[in-house]
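2 protein chains.
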Amino acid sequence: MSSTLPKFAFLDPQIDMAHGAGGKATRRLIDDLLGPLLYGTDAPLLPDSARLEIAGSQVLATSDSFVVKPLRFPGGSIGSLAVHGTVNDLAVSGARAQALLVNLVLEAGTETAVLAAELESLSEAARAAGVKIVGGDTKVVEKGKADRMYISTFGIGVPIPGLDPSPYRVRPGDRVLISGPVGDHGITILLARGDLDFEADLCSDSRSVLPLVEALAFVEVGVRWMRDPTRGGVATALNELAGDTGLGIVLRDDDIPLRDAVRSACELLGLDPLHIASEGQFLAVIAAEHAEAALGVLRRTPGGADSRIIGEVREQPSGTVLVANSYGSSRVVDMLVGDPLPRIC
Amino acid sequence: MSSTLPKFAFLDPQIDMAHGAGGKATRRLIDDLLGPLLYGTDAPLLPDSARLEIAGSQVLATSDSFVVKPLRFPGGSIGSLAVHGTVNDLAVSGARAQALLVNLVLEAGTETAVLAAELESLSEAARAAGVKIVGGDTKVVEKGKADRMYISTFGIGVPIPGLDPSPYRVRPGDRVLISGPVGDHGITILLARGDLDFEADLCSDSRSVLPLVEALAFVEVGVRWMRDPTRGGVATALNELAGDTGLGIVLRDDDIPLRDAVRSACELLGLDPLHIASEGQFLAVIAAEHAEAALGVLRRTPGGADSRIIGEVREQPSGTVLVANSYGSSRVVDMLVGDPLPRIC
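In order, the protein sequences belong to chains A and B. Quick note: the first sequence uses our numbering, first residue 1, plus one each step. Quick note: the second sequence uses our numbering, first residue 1, plus one each step.
It is possible that some hints are incorrect.
Said to hold, decoys possible - Ranges between beta-carbon positions, derived for each pair:
1) A55(A) x D306(B): 29 to 37 angstroms
2) E292(A) x K132(B): 39 to 47 angstroms
3) S57(B) x G319(A): 34 to 42 angstroms
If you're looking for bench data, these hints aren't it; they were derived computationally from the structure. Using N, Cα and C, we set each Cβ at its ideal position, and we do this for glycine too.
Work the whole structure out from these sequences, hints included.
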């Protein structure tokens, strides 16, 4: 043991909030520490779900932890978010959630009413999303050793016929779609904390995107890739795609749907809306010849009226996400760096 | 909303440590709050795993959270414990773990070396148990909002041919077996905290019990029921069985395997060893005519040399666990009440 080489390339001496923000630091934590130590050399391309073959059947599994603060916010709460996050990770992996397991870590002293409200929120969201809660586990830690409650959800799903999204299927010329406005969830959480001298009529978009994904599958528009732009936002999700494929992604600034409240809050705070999390939208890459059909399907599906084609995939600039404005110039949008919005999910 | 009846019978105004201890308070939390709100009226009999039919195949799924303190202790650490706990929950449900997902909630400021050690411990335990870590999620909370790290693991497994354990299969006359000494894990954790003026040469028994369970399955001894006596110990696991079946369980005090260090620590602290958690043992109920054969199989399997038949199932006293001593008297052993040993897993 005296002179073994380090087994990982992660050099940060300790974990800080940025490692949980979903951006560059999270990617480094996964690529340089969790990957080599936990997943071995055959680490996956950070998929939202793991695809398993069990007893001859394809099963998709995903897991998420939720530490959102505050627990309740306009448009949702940690309970519903825990269901939507897991159902959506499966949906963008091309799977319909069948069963959820729910783990709770509770802080001693948490009021029963607060816990009961979140259990009801979990249950209601699961019923609405058509998924059954089949098990779980509960632990309690001392007062001051958690923040009322953390929830871990685990989802198991089955492949949706007609969908097999993968970064490897993405080709230059493909179009990039989004199912609705970006950043509603992240800015809602920030405002709900009351730290800002700024008010807005804004709700989290937290919801199941499964009906929209299933609508796309049904009409066979050839979905190449999907991702829900949660932590790190659209910019991080698309940078990961660009990095994984070596392709470039060019978005048109004017086409990115954005509510005024989100735009204003981002201007005030110096944040890029493309770094702000959504919890009820998804990105899809669709072959060019099917893009208008896909858009039509999404727009006709309840909850999809604000869908847009926001850009396209190109050969160049390799591994990069560009946003072009109407004046003919463009800017590079990188993954999220640092953590301007801690604990948004 | 003004005059609806309460939807649950849980009357404690807040959550306290006892609700996480695995005993009576945990059972009330599950039966009176989580059950009605989360699982609906068709709540399961607290099984260790959920049995799902996915695409025509039987799949078992289980989930656990780990908040053990300290993170490292003689014989194991939170990382290996997280693997063993989940593999064992599946094993005693009659399933072989195929895949694990691992969620981390990390406290900002946790040293990378501490995290890396647990990732290695997870990975090594998974390899030894023959299960693959296929995914997970990582969140970070502020300093003071967790205790370095909490781990949630989710396991998916497939049924082991020849095993279909269920409380419904237990009959009067069946024998109760245990795979080794009770309470090693719980007392090890207590001593590792250094709160006691007591030292002992004791290690956690944390390990995968899958090889022992598979050995039983292979010889077709007719396993009726299994459970790993973790939080709440042997007494709680058997009281749950007695409660679920309405049968009585009578243990013989002299036959319960117990290390001297565990006996001494329990005497010193006024604890019943039957309430102390094991993390590498399991209880099995076997038809009387197969009990000696089952014992022989366990004892010949590596890690099973200390297996014992410790008692039997009877018609009476209904719903009760009795321990009979060699002087002809017996005592009722109830589920764990309160939480003498917080955060042991």
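Status of the hints after comparison with the structure:
Range check, A55(A) to D306(B): Cβ separation about 34 angstroms, and the 29 to 37 angstroms hint holds. The beta-carbon spacing between E292(A) and K132(B), approximately 42 angstroms, falls within the hinted interval of 39 to 47 angstroms. Separated by about 40 angstroms at the C-beta atoms, S57(B) and G319(A) satisfy the suggested range of 34 to 42 angstroms.
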